[in-house]
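Student: As they're listed, the protein sequences go chains F and G.
Per our numbering, the very first residue in the first sequence carries number 1; after that it's consecutive.
Per our numbering, the very first residue in the second sequence carries number 433; after that it's consecutive.
Be aware that one or more of the hints could be misleading.
[Said to hold, decoys possible] Chain G is faced by these chain F residues, among others (derived, beta-carbon under 10 Å):
| no. | residue |
| --- | --- |
| 1 | W136 |
| 2 | T155 |
| 3 | V172 |
| 4 | H200 |
| 5 | W394 |
In case anyone wonders, no lab produced these hints; they're calculated from the structure.
As the structure is a computational prediction, the values presented were derived from the model and not from experiment.
Glycine residues also receive a C-beta, built at the ideal position from the N, C-alpha and C atoms.
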Amino acid sequence: MAAYGRIHVDVLRALAPPGRGYYAALALVGAVLAWALYAWSVQLARGLGVAGYRGSVQWAVYITNFVFWIGIAHSGTLISAILYLFRAHWRAAISRTSEAMTVFAVMTAGLFPIIHLGRPWYFYWLIPYPNQRGLWVNFRSPLIWDVFAVGTYFTVSAVFLYVGLIPDLAAVRERTTGWRRRMYQFLSLGWQGTQEEWRHYRSAYLFLAALATPLVVSVHSVVSWDFAMALVPGWHSTIFAPYFVAGAIFSGLAMVLTLTIPLRRFLGLEDYITDRHLENVAKLTVVTSLIVTYAYGCEFFMAWYSGNAFEQAVFRERALGTYAPLFWMMVFCNSVIPLMLLARRVRTNVRALWVIALLVNVGMWLERFVIITGSLSFDYEPWYWADAVYQPRWVEYAITAGSFAWFFLWFLLFVKHFPAIPMAEVKERLTP
Amino acid sequence: MMVVRGIFTEADAVVRAVQDLRRAGFRDVTVFLPVPDPAILAVLDERPSPVRLWTLVGGLLGCLGGFALTVGTSLDWPIPTGAKPIVSIPPFIVIAFEWTILLGALGTLVGFLVHSRLPRRAVPMAYDPRLAEDRFGVFVQCPADRQSVAPVILQNAGAEEVSQIGPGAESSRPPLSF
């Protein structure tokens, strides 16, 4: 059988009716999501007091989750758009899953600023629209920049994912029957693959990649300015934008490994997502880990060199105070463990890679928590210090677990209904 | 007008077929590709797609719209905070930048759909499911007096299968309906 045809058979086999394991996974994420919805309903009924907020700590786990999930989204764009512009052809096999991951991670992140609101039903007040109150939003606030940055990021990522899917949806259409065929007919827009369609498609894909590249840098920069624009010691720093962008890509690459390693096994796609792809992602992970470690060092250096007593106090507290165990766990997961990836033997060991990726995910979540909560709990007001030791309550734990369930729910549905490998792009590297 | 359809397995053969058809004076040649093969697209005189103009216009409109929104609404409802100017250009650049990207991307999408004539309700010619998979298709519009020439050219170029489709022929498959 020709190589082109084989890709079809393999990718369509992955779309075949799922087994019991798939439904068990769906049931698990459904149950966790139901628990999270119950927790949120309790919070809506009784107010934000059910969360562990206290004293000066009024941004905590929810905003940690927001920053974490936006960060997860970033490596999807790195792999699908930035590496496309750099002509790194190896990216093709993992670009679809990465881009889907981007869209679902932004969908998850976008929930948290709303969950975090005391009265979430007024979230639309963040959007500028003509209204009878004659009020407009304050465009000098970084929180409004967030609305624009995250909204644009979601829209552009969704368009980029969809445009990339169109030729593959047409290919799946030709191999399906009944309602599925009608669905793929609708979604593929009647694509036929004529030279004119390809001409415009290639141009559109290139320009979308070119637009997504500066966008991805801007989005986490804007998210970092939510903190850097404030005068809180530990937040008010000019290195925050590059520091957050590097951290975002680092955490996202770890999530790509966390997802693709089991995915390729369960969908039987080991011939397409090979050990070489995983090794390349591991190399990018160790590079971004070194950048993040450098940023950690810079933060402490700047606190010391500035001679600013408040800044120094916050960083002393970070390393030796209440949240010190979390800080050192963060350093271990983000700066020490990834160094193992410098050894080829570790990079090519899929199990080791998966465990390291999981630890990096944990470390990056802790990084966001330590920056946000650690700095707020040691603010300018000493009378808060004793009282401001924040501990999440069950509501925050449930909603955080629910965010993972929400993300995995979309991902599970995606890989069983849409081609997880960009067939047309992978075929380009083969002979028919 | 009759349509002659050649199905090919090799990209090189498609290139040969297109060149031979052009030399014989056939102008209305449509090639169906499962992948954007660069050799085939090159021989078809690929001009730059006008989609890039949609990107440019969308981006410019987004940039202007972003500044218009921020400056206009700030002047309409001034909110004095932190002794900052009401029209503060540096923060407004963030909004204008995001809208440049947003409308640039949406313009690209619209341009792609308009120029590709998508969405399409019906497959206009005898489309074959194999063309989405592992075969290339060369469709030639032939005037009545030249119906016998095109099949020979396609055959000589290495077509796996050549067939003729009558005037106004629709797809042999169930019609696309949505």
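Student: It remains to establish, for every hint, whether it holds in the given structure.
Tutor: Quick rundown of the hints versus the structure:
Given the 10 Å rule on beta carbons, the hint for W136/F holds: about 4 Å separates it from the nearest Cβ of chain G. This hint holds: T155/F has a C-beta 6 Å from the nearest C-beta of chain G, less than the 10 Å allowed. Hint status for V172/F: holds, given a least beta-carbon distance of 9 Å to chain G, under 10 Å. Hint on H200/F holds. Least Cβ distance to chain G is approximately 5 Å, under the 10 Å limit.
At about 37 Å, the closest approach between the beta carbon of W394/F and any beta carbon in chain G exceeds 10 Å, and the interface hint on this residue is violated.
Against the hints set out earlier in the document, a violation occurs for number 5 only.
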